[in-house]
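Trainee: Sequence:
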Amino acid sequence: MSKIELTPLAKRKFGAAQAALKASMRVVALQPRSKVPDTRFCASGADSATEEALIVKQWLSEDPSINLGAVAKASPVLIIDVDGPEGEAALKRFGPLPPTRETITRNGRHLYFHHAGRIRGSKIGLEPKLDIIASGYVLLPESAHPEGGRYRSDEPAAPIAKLPGRVLNAILARSNSPKRKQAKAGEGILRRGSRDNRLTSLAGPFRRQGFDDAVIATALHAVNADHCSPPLPDQDIERIASSVMRYDPADDELFETMANVTPRDVDFLWEPYFVRGAINLLEGDPNVGKTYLLCELAAAISSGRALPGQKKGGAANVLFMSAEDDPETTLVRRLTRMNADLLRITFSKKFFRLEEEALGWIEKHIVAQKAAVLILDPLLAYMQGGIDMNKANETRPFMARLAELAKATNVTVIALRHLTKGEKDKAIFRGLGSVDITAAARSAVLIGQHPENDDLKVMVHIKHNLSERGASQIYALVDGDREKRIIPVVEWQGECELGPEDFLKSVEKVGRPDTEVKAAIEFLETALAKGERRIAEVIADGEKRSHSARTVRRAAKSLGVIKAGQRWKLANIIL
Numbered sequence: 011m012s013k014i015e016l017t018p019l020a021k022r023k024f025g026a027a028q029a030a031l032k033a034s035m036r037v038v039a040l041q042p043r044s045k046v047p048d049t050r051f052c053a054s055g056a057d058s059a060t061e062e063a064l065i066v067k068q069w070l071s072e073d074p075s076i077n078l079g080a081v082a083k084a085s086p087v088l089i090i091d092v093d094g095p096e097g098e099a100a101l102k103r104f105g106p107l108p109p110t111r112e113t114i115t116r117n118g119r120h121l122y123f124h125h126a127g128r129i130r131g132s133k134i135g136l137e138p139k140l141d142i143i144a145s146g147y148v149l150l151p152e153s154a155h156p157e158g159g160r161y162r163s164d165e166p167a168a169p170i171a172k173l174p175g176r177v178l179n180a181i182l183a184r185s186n187s188p189k190r191k192q193a194k195a196g197e198g199i200l201r202r203g204s205r206d207n208r209l210t211s212l213a214g215p216f217r218r219q220g221f222d223d224a225v226i227a228t229a230l231h232a233v234n235a236d237h238c239s240p241p242l243p244d245q246d247i248e249r250i251a252s253s254v255m256r257y258d259p260a261d262d263e264l265f266e267t268m269a270n271v272t273p274r275d276v277d278f279l280w281e282p283y284f285v286r287g288a289i290n291l292l293e294g295d296p297n298v299g300k301t302y303l304l305c306e307l308a309a310a311i312s313s314g315r316a317l318p319g320q321k322k323g324g325a326a327n328v329l330f331m332s333a334e335d336d337p338e339t340t341l342v343r344r345l346t347r348m349n350a351d352l353l354r355i356t357f358s359k360k361f362f363r364l365e366e367e368a369l370g371w372i373e374k375h376i377v378a379q380k381a382a383v384l385i386l387d388p389l390l391a392y393m394q395g396g397i398d399m400n401k402a403n404e405t406r407p408f409m410a411r412l413a414e415l416a417k418a419t420n421v422t423v424i425a426l427r428h429l430t431k432g433e434k435d436k437a438i439f440r441g442l443g444s445v446d447i448t449a450a451a452r453s454a455v456l457i458g459q460h461p462e463n464d465d466l467k468v469m470v471h472i473k474h475n476l477s478e479r480g481a482s483q484i485y486a487l488v489d490g491d492r493e494k495r496i497i498p499v500v501e502w503q504g505e506c507e508l509g510p511e512d513f514l515k516s517v518e519k520v521g522r523p524d525t526e527v528k529a530a531i532e533f534l535e536t537a538l539a540k541g542e543r544r545i546a547e548v549i550a551d552g553e554k555r556s557h558s559a560r561t562v563r564r565a566a567k568s569l570g571v572i573k574a575g576q577r578w579k580l581a582n583i584i585l
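When the letters of the sequence shown are read in order and numbered with the numbering used here, they come out as residues 11 to 585.
Each hint should be verified, as a subset may be incorrect.
Think about it this way: if two alpha-carbon atoms lie no more than 30 Å apart in a straight line, the pair counts; the simulated DSSO-like pairs of lysine-lysine are [stated by the list, open to error]:
{"no.": "1", "residue 1": "K374", "residue 2": "K67"}
{"no.": "2", "residue 1": "K554", "residue 2": "K573"}
{"no.": "3", "residue 1": "K401", "residue 2": "K360"}
{"no.": "4", "residue 1": "K494", "residue 2": "K359"}
{"no.": "5", "residue 1": "K360", "residue 2": "K374"}
{"no.": "6", "residue 1": "K83", "residue 2": "K102"}
{"no.": "7", "residue 1": "K32", "residue 2": "K139"}
{"no.": "8", "residue 1": "K401", "residue 2": "K417"}
{"no.": "9", "residue 1": "K528", "residue 2": "K579"}
{"no.": "10", "residue 1": "K83", "residue 2": "K360"}
{"no.": "11", "residue 1": "K322", "residue 2": "K417"}
{"no.": "12", "residue 1": "K360", "residue 2": "K380"}
{"no.": "13", "residue 1": "K380", "residue 2": "K321"}
{"no.": "14", "residue 1": "K32", "residue 2": "K13"}
{"no.": "15", "residue 1": "K417", "residue 2": "K359"}
{"no.": "16", "residue 1": "K172", "residue 2": "K102"}
{"no.": "17", "residue 1": "K67", "residue 2": "K32"}
{"no.": "18", "residue 1": "K528", "residue 2": "K573"}
{"no.": "19", "residue 1": "K528", "residue 2": "K567"}
{"no.": "20", "residue 1": "K32", "residue 2": "K172"}
{"no.": "21", "residue 1": "K83", "residue 2": "K139"}
{"no.": "22", "residue 1": "K67", "residue 2": "K83"}
{"no.": "23", "residue 1": "K172", "residue 2": "K139"}
{"no.": "24", "residue 1": "K359", "residue 2": "K380"}
{"no.": "25", "residue 1": "K540", "residue 2": "K567"}
{"no.": "26", "residue 1": "K21", "residue 2": "K67"}
{"no.": "27", "residue 1": "K374", "residue 2": "K417"}
{"no.": "28", "residue 1": "K554", "residue 2": "K579"}
{"no.": "29", "residue 1": "K380", "residue 2": "K322"}
{"no.": "30", "residue 1": "K83", "residue 2": "K21"}
{"no.": "31", "residue 1": "K360", "residue 2": "K417"}
{"no.": "32", "residue 1": "K321", "residue 2": "K417"}
{"no.": "33", "residue 1": "K417", "residue 2": "K380"}
Read the hints as simulated data drawn from the structure, not as lab findings.
Note that the coordinates shown come from a computational prediction; the quantities given were computed from them, not determined experimentally.
Put together the whole structure using the sequences plus the hints.
Mentor: Below, the structure written as structure tokens:
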């Protein structure tokens, strides 16, 4: 193995890291001029910190500009963070302290002390401008401060003194203060499922006031330690602080007059069903071929094949994320059968929920690959961990962030959603989860079995904020052979007059027959008395007499009307 060579600065960083490792602290790689973990080397932030000096040396040889942090969590060391003159004054009130290892920071200093392991907390506020770091991490000497300058130490490997008992007692008293006991009793506690969103909402106002990620992270660490049960990992706090930095601080640019807005036309991937730069839903019951249709869309888009109603297609890239179907055994076989351009379709090699960091990965991938479509199959599997899909206040922030990603990249998000088993009065409300999911989508289609032909499927446009409702499209899965393991393909078979109401679940009613159906039966007996007629014509006549298409079809089934092609006839009429 060849010798690892380091630059002079990297050697000094390595020396500080070695001193931390010898003190039984782990070392985490941080982004250059930042306090945020560098996922190139520490994929899980502080949880990926190393105890091996050689690994740190390899990091520095690959990128000498990275910062390094010493992790206090699970170590016998804590750090007193003294911030400026106010912090120094607060420290003096605890009496003289023994000489110990020290790092000079931008506005103060870090003092290292051994303790008996009774103190826990990413950042415990002992006094104003005086914090205790027992579960987080601090930057090591020679690391670059985000706002300029470097952390310094005259003796990075100086001995670490034992924490005086009076200071230990003060910290424990602060940790067990009535305020903290109240939090432990359940007041102001942020639990699993709400911690990420609540901390992000707290970070937003700090950013709008112009604070940088270091200040925001400090505030979030304090809230996390005092109010999150259990506390989030340190890298999650740093990730949240980093994520809000993409927003500009509040200023005059937050608001604008309508006179300065330039109108633009809505851009469609497949007009009017799927809108670019927005969330679109594809919904349906189990076993109606939803994923087959997603594969058909991916195949058509990647190969440039025109879809029904399109004059011409245009080949584009697709990111296909599926939590339910295996790429090797299912997706690639279907896509190949449907003549997809596989070089234009990417997928995630492992499953991950769309937490803030993961959304950042996807956004970078979409930009790098120039992807036009993002498929999520199914949407609810990718929602952030702990979100209750039935609660609007929990689904709304996630859907808003997904919509923001779609708009920023102009990608067409097509999210698959299963349907509820219960009865709904409108097809648009049949999707699983909160109605806020539907509200966030600009368009939605529903896939259902054709009510009169089990061999056919129908794609119905059930939500259309930015256009008129599109025609319902019939398709079939053809040329397949299960025994020979030949995968069927999607064959489009034209438009039909079925509407959203034709795919509502009905509940069998006990007692007297539905009066609406009875009236529709009487209408059908009259309408078909002279012989067969086109179904569309009969339904149109029924609607003129206030019988909905769904009611007329239910009546036809109850009456035993015979279907011959696209025509109906009464059972006692001979053709």
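Trainee: Evaluate each hint against the coordinates.
Mentor: Outcome of the hint check:
1. Taking the CA atoms of K374 and K67, the gap is near 29 Å; set against the 30 Å cutoff, the hint holds.
2. Restraint check: the Cα-Cα separation between K554 and K573 comes to about 22 Å, which is no more than 30 Å; the hinted pair holds.
3. A threshold of 30 Å between alpha carbons decides the hint, and for K401 with K360 the separation of about 28 Å falls inside it, so the pair holds.
4. For the hint linking K494 to K359, the alpha-carbon distance of about 29 Å falls within 30 Å, and the restraint holds.
5. With a C-alpha separation of about 17 Å, the suggested pair K360 and K374 falls inside the 30 Å cut-off, and the hint holds.
6. Between K83 and K102 the alpha-carbon distance is near 26 Å, which keeps this suggested pair within the 30 Å criterion.
7. Of the pairs offered as hints, the one joining K32 and K139 holds, with about 29 Å between alpha carbons and a cut-off of 30 Å not exceeded.
8. At most 30 Å may separate the alpha-carbon atoms for a hinted pair to count; K401 and K417 meet this at roughly 24 Å.
9. As the CA atoms of K528 and K579 are separated by approximately 18 Å, the hinted pair is consistent with the 30 Å bound.
10. For the suggested pair K83 and K360, the alpha carbons sit about 29 Å apart, so the restraint of at most 30 Å is met.
11. A distance of roughly 24 Å separates the Cα atoms of K322 and K417; the hinted pair therefore holds under the 30 Å criterion.
12. A threshold of 30 Å between alpha carbons decides the hint, and for K360 with K380 the separation of about 21 Å falls inside it, so the pair holds.
13. Annotation: proposed proximity of K380 to K321 holds, straight-line Cα distance about 23 Å (limit 30 Å).
14. For the proposed pair K32 and K13, the alpha carbon gap of about 22 Å is at most 30 Å, so the pair holds.
15. Distance restraint check for K417 and K359: the Cα-Cα separation of roughly 25 Å lies within the 30 Å cut-off, and the hinted pair is therefore satisfied.
16. About 17 Å separates the Cα atoms of K172 and K102, which keeps this hinted pair within 30 Å; it holds.
17. The straight-line distance between the Cα atoms of K67 and K32 is roughly 15 Å, inside the 30 Å bound, and the hint therefore holds.
18. Straight-line distance between C-alpha atoms of K528 and K573 comes to about 20 Å, which keeps the hinted pair within the 30 Å bound.
19. Annotation: proposed proximity of K528 to K567 holds, straight-line Cα distance about 12 Å (limit 30 Å).
20. The hinted pair formed by K32 and K172 meets the criterion: a straight-line CA distance of about 16 Å does not exceed 30 Å.
21. A hinted pair counts as satisfied when its Cα atoms are at most 30 Å apart, and K83 with K139 qualifies at roughly 21 Å.
22. Straight-line distance between C-alpha atoms of K67 and K83 comes to about 22 Å, which keeps the hinted pair within the 30 Å bound.
23. The suggested pairing of K172 with K139 holds, with an alpha-carbon distance near 22 Å, which does not exceed 30 Å.
24. For the hint pairing K359 with K380, the CA-to-CA distance comes to about 19 Å; that is within 30 Å, so the pair holds.
25. Note on K540 and K567: the hinted pairing holds, with a Cα-Cα distance of about 19 Å set against a maximum of 30 Å.
26. With a CA separation close to 9 Å, the supplied pair K21 and K67 stays within the 30 Å bound.
27. For the hint linking K374 to K417, the alpha-carbon distance of about 14 Å falls within 30 Å, and the restraint holds.
28. Straight-line distance between C-alpha atoms of K554 and K579 comes to about 20 Å, which keeps the hinted pair within the 30 Å bound.
29. At most 30 Å may separate the alpha-carbon atoms for a hinted pair to count; K380 and K322 meet this at roughly 20 Å.
30. Annotation: proposed proximity of K83 to K21 holds, straight-line Cα distance about 25 Å (limit 30 Å).
31. Pair hint K360 plus K417 holds up; C-alpha atoms about 25 Å apart against a cutoff of 30 Å.
32. Distance check on the hinted pair: K321 and K417 sit about 26 Å apart at the alpha-carbon level, within 30 Å; holds.
33. Between K417 and K380 the alpha-carbon distance is near 14 Å, which keeps this suggested pair within the 30 Å criterion.
The structure shown violates none of the earlier numbered hints.
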